[in-house]
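> Each chain, written out:
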Amino acid sequence: MTAAGNQDVSAVEGAVRTNLVHLQGWRDVEVQREGFMWHGRLLRLLCGRRPASVAPPEGEASSDIEYILPVSLAQHSAEPVTIECLDRIFAELCGPDTSRILLAIVSDDGTIVFYFLHKGIHKPKKN
Amino acid sequence: MSKRTANALRYKYPLPVHPLVLPELIVHNPISWAVWLYQYVRQCNALAERISVTITPEGNAFPHIEVRDPTDMMYLWDNGFFGTGQLSRSEPTWFERKQLELSKDTVGGGKQLSLEQITRSRRQQRQEFKQQREKVEAELLALRQQGVITPEEESKVLEREREKLRAYRESHSSLKELPGDDTSLPDDIFDDEGNLRRLEALELLPVEALFLTYALPILDISPKELIDSIISSDDPAALDRLLMHYTAYHHYRSQGWCVRSGIKFGCDYILYKRGPPFQHAEFCVQVLDSEDSKPYTWYASTARVCGGASKTLILCYVTRNSSPEQTRRWAADGKLADVLSSMSVGEVVYRRWVPGRNRD
Amino acid sequence: MSVCITLVGGAGTILAPLVFDVEAIKKLRTLGICGILTGTLPSATQQNVFLSVPLRLMPEEAMWLYINGHAHFKALPGPTATAVERLLEEESEEICKAAEERLQQSFKLQREYKLEQHRKKLEQLGINQPSKEDHPDSARQSKETKLMEASLFIETPTMSTILTKINDKFGDEQAKIDRLLCILVAQFSNWDNYLLFQALKNEGYVLSPGARFGGKYIAYPGDPLRFHSHLVIRDALHYKNEPLDFLELAAGARLGTTVKKLWVIGAPTRESDAHDSAKTQDNVSFYSVEWAGFG
Chain A
1 MTAAGNQDVS
11 AVEGAVRTNL
21 VHLQGWRDVE
31 VQREGFMWHG
41 RLLRLLCGRR
51 PASVAPPEGE
61 ASSDIEYILP
71 VSLAQHSAEP
81 VTIECLDRIF
91 AELCGPDTSR
101 ILLAIVSDDG
111 TIVFYFLHKG
121 IHKPKKN
Chain B
1 MSKRTANALR
11 YKYPLPVHPL
21 VLPELIVHNP
31 ISWAVWLYQY
41 VRQCNALAER
51 ISVTITPEGN
61 AFPHIEVRDP
71 TDMMYLWDNG
81 FFGTGQLSRS
91 EPTWFERKQL
101 ELSKDTVGGG
111 KQLSLEQITR
121 SRRQQRQEFK
131 QQREKVEAEL
141 LALRQQGVIT
151 PEEESKVLER
161 EREKLRAYRE
171 SHSSLKELPG
181 DDTSLPDDIF
191 DDEGNLRRLE
201 ALELLPVEAL
211 FLTYALPILD
221 ISPKELIDSI
231 ISSDDPAALD
241 RLLMHYTAYH
251 HYRSQGWCVR
261 SGIKFGCDYI
271 LYKRGPPFQH
281 AEFCVQVLDS
291 EDSKPYTWYA
301 STARVCGGAS
311 KTLILCYVTR
321 NSSPEQTRRW
331 AADGKLADVL
341 SSMSVGEVVY
351 RRWVPGRNRD
Chain C
1 MSVCITLVGG
11 AGTILAPLVF
21 DVEAIKKLRT
31 LGICGILTGT
41 LPSATQQNVF
51 LSVPLRLMPE
61 EAMWLYINGH
71 AHFKALPGPT
81 ATAVERLLEE
91 ESEEICKAAE
101 ERLQQSFKLQ
111 REYKLEQHRK
121 KLEQLGINQP
131 SKEDHPDSAR
141 QSKETKLMEA
151 SLFIETPTMS
161 TILTKINDKF
171 GDEQAKIDRL
181 LCILVAQFSN
191 WDNYLLFQAL
201 KNEGYVLSPG
211 ARFGGKYIAY
221 PGDPLRFHSH
231 LVIRDALHYK
241 NEPLDFLELA
251 AGARLGTTVK
261 KLWVIGAPTR
271 ESDAHDSAKT
281 QDNVSFYSVE
291 WAGFG
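Top to bottom, those sequences are chains A, B and C. Taken in order, the first sequence gives residues 1 to 127; the numbers are from this note's numbering. Taken in order, the second sequence gives residues 1 to 360; the numbers are from this note's numbering. Taken in order, the third sequence gives residues 1 to 295; the numbers are from this note's numbering.
Mixed in with the good hints, there may be bad ones.
Heads up, simulated BS3-like pairs for lysine-lysine below, C-alpha to C-alpha not over 25 Å straight-line [what the hints assert, rightly or not]:
| # | chain 1 | residue 1 | chain 2 | residue 2 |
| --- | --- | --- | --- | --- |
| 1 | C | K201 | A | K119 |
| 2 | C | K108 | C | K143 |
| 3 | A | K123 | C | K260 |
Just so you know, the hints here were simulated from the structure itself, not pulled from any lab data. Predicted model only: the values in this text are computed from it and were never measured.
With the sequences and hints as input, model every part of the structure.
Written out as C-alpha cells, the structure is:
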C-alpha cells in the first residue's frame, strides 16, 4: 500500500496509514519526505488530519494536523527509539508548535494501538 | 432468530475440524452399508483446497502473515476465531461495513450495527457528556468566585444540573448510528471498475499460523517453510522465543481454550472459553522462560493492568528439557513434535491481595 | 532548623533513611517531602494503617534534603534492634532508673493536679473540705485515694529516649556518612533516578514511591491530602542507549488510563558523575504518554 507520491513506504508505515485512513477516518495521511537516518534506517513521520472525534491538544484547537510515528512492537534491537531519538524527532521533523505526536504501535497480529506522546510533563485528562 | 442461537449455529465448531455425522450402521443389512459409505464419502471434511497465505514482506524483520481470500477469512474466523482483521476490532468486517456505509447514502441504511460503530457511538456519547458536565462546572465556579451564590443554592443548582444530565444521557442512550466524520472518501478504495476493493486481510499471529499448518492441515505452507520465512536465520533468540510461545499456544488450544492476542492488555495472550462473541475473556497469559527472572515491579504492574480489566493473570512457565541448540536443530529440520515433547509447561495464577480488602 | 535523618546501615544490611522526630516530620511535609510512616509496636503489629514514627524516606528524598541543606545525617551502625539490645544490656540499670524516675514524676504531677481539681470542685459545690486530721473519715479518704491512684495514667513518650542515647553514642563521622550515602543511592536506585526526582521537585511536584502503580514514583501536583496524583513516573531511561520497550509503554499507559494518571518517561540528557553534578542543573527530557482514545 503506497501513499500517493511516495516511494518505498515501509510495511509499518503502510499498515499505519491504511488503518488511519480506512478504519479511523483520518484524512490526507501521507508519509513525510524528510526524515533522518537512525541506526541505519530512515526514520520518517506520517502527517495527517484528525477526525472530529479525536480530541485536539489543549489550547490548540485551531489546526487539525497531527504527526504520527509508526513503530513495530517487536522492535527493540532493529529500530531503537530512545529518548534522544524522540528529542530529535520533535526538534527536526515536526512543526515548531507541536506539543504531541501520535505513536502508532503495530503488533504482530495486525492490530495497531495508538498513544499520544506529549513533550514534557503534561496534565492528565479529567475523567 | 435470537442473537444467541445465531451465534451458536455460526460458531458451531471450535476448531477447523468437523466431526462426521454418520447414520446408524446395521451390520447385516447391505443397504445400510451403502447409505453409510455414501454419507462417509460425502462428508469427508478435508478442505477441498488448503488455504493460501501470503507473508509480507518476505524474510523481513517484521513480517505479516495474511489471508486474503474472503471465504477463507470467514472460514478461519468461524472455526476457532483465528486471526484479526487488519481494519476491524477483531472479526474482519471492514468490507461489509464500508458497503453498508456507502449504500446508506443511496438507500435507507440497515439497522445492523457493527462492533466498531457501537464503540464509536459509545465514545462519542461519553465525550459529549463530559463537555456538558464541564460547562456546568465552569458556570458554577464563575458564580462561586463572584460570591453570588450560597452553599445551599449551589447544591440545588448541582442537583438540577445532574437531573438535566441524566435526562440528556437517557435520551441519547439508544445507540444511534454516527454519521461518518467526513463526506469525502479516499480514492484508493475503489478499483478500476468502480467496485469496492477488498482492502482488508485477516492477519494471523505466527503461533496461530504455525498451529494451522503443523497441528491441523489447513494452510498450504509447510511448518518448516513458515518458520524460515518469519524468522531470519541470524536471530536464534527469536526462534527460541517463537518455539516457547508456540508451546504455550498449542498447550492452551489443545485444552480447548480459544487463544487470542493479548496486546490490548499488555500481556501475551488472552483465553476465551468459547470465543469473543460469547463472553469476555477470563484470563491473561504471560509466557515466561522458566530461567528468566523479571523485577518484582514488572509482576506488580502486569497484574495491575490485568486486574483492572477484570481478568486473572496466569504466568505460564515453559521449561526446556533439551539444550537450545538441539531444539533449534529440530525446528530447522521441521521436527516440531520433538520440540514440543522437549518442553514442559507449568502455570502460576497471580492475583493481587490487599490485606484490608480481602478479609471477606 | 536542620532535620536529623538517621541512616541505619552496616555490612550487608538495607539502608533506610528514617526520621524519628515528630516536629521534623511536620517540617518535612511543608517542604513537600511526605515519606511513609513505618513504626509499629512489636506487641501490637499493624499493617498499612495506624502506623507511627519513624518516617521512612526514599533515598532520593534524603539526598534532596541533604543537598539542599535541609537535613543532616546521623549514622546508626547495624539495625536499630541490635543497637538497642546492646544498649539495654550495657546500661539496663540506668535506663530502668531513669524510666522509673520519669514515671514517679509524672504520677506526682498528676496527683497534685487531681487534688487541686478535686478541691476546686468541692469549693464550687460549697462542701467543706474535710481536714487532714479528721480520723473518722480516714476510711473514706483511703477509698478516695485508691480511686485516684487507679485513675493515674502512664504516658508513653513519642520519642524514644533509648534512641537518643544511641544517637549520642555513635555520632556522625563525615567520611562514614559519605560512604553510606553512596551505598544508599546505589542500592535502591541510581543517580539518574535522582535527577528525575530533582527535576520534578523543581516543578513543584510532591513525589512518593510508585511501586503500587507499576512505576518508580507517583507525582502529586501539591500535598497528597489535597490532590490525587497526576503522574506515574517510570525508572529513568538512558538518554542514548536505552530504547523504549513498546509493550511496557502500552501496559504502563493502559494502567495510567485505568487509574487516571499519565505515564511519564524521562532521561537525563547529560552524562554526569555523581559527585560533580550535585549542584549543577542537569537537563531532563520528559515525555508523557496517554492512550489516544481510539484504536
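> Hint by hint, which ones does the structure fall short of?
none
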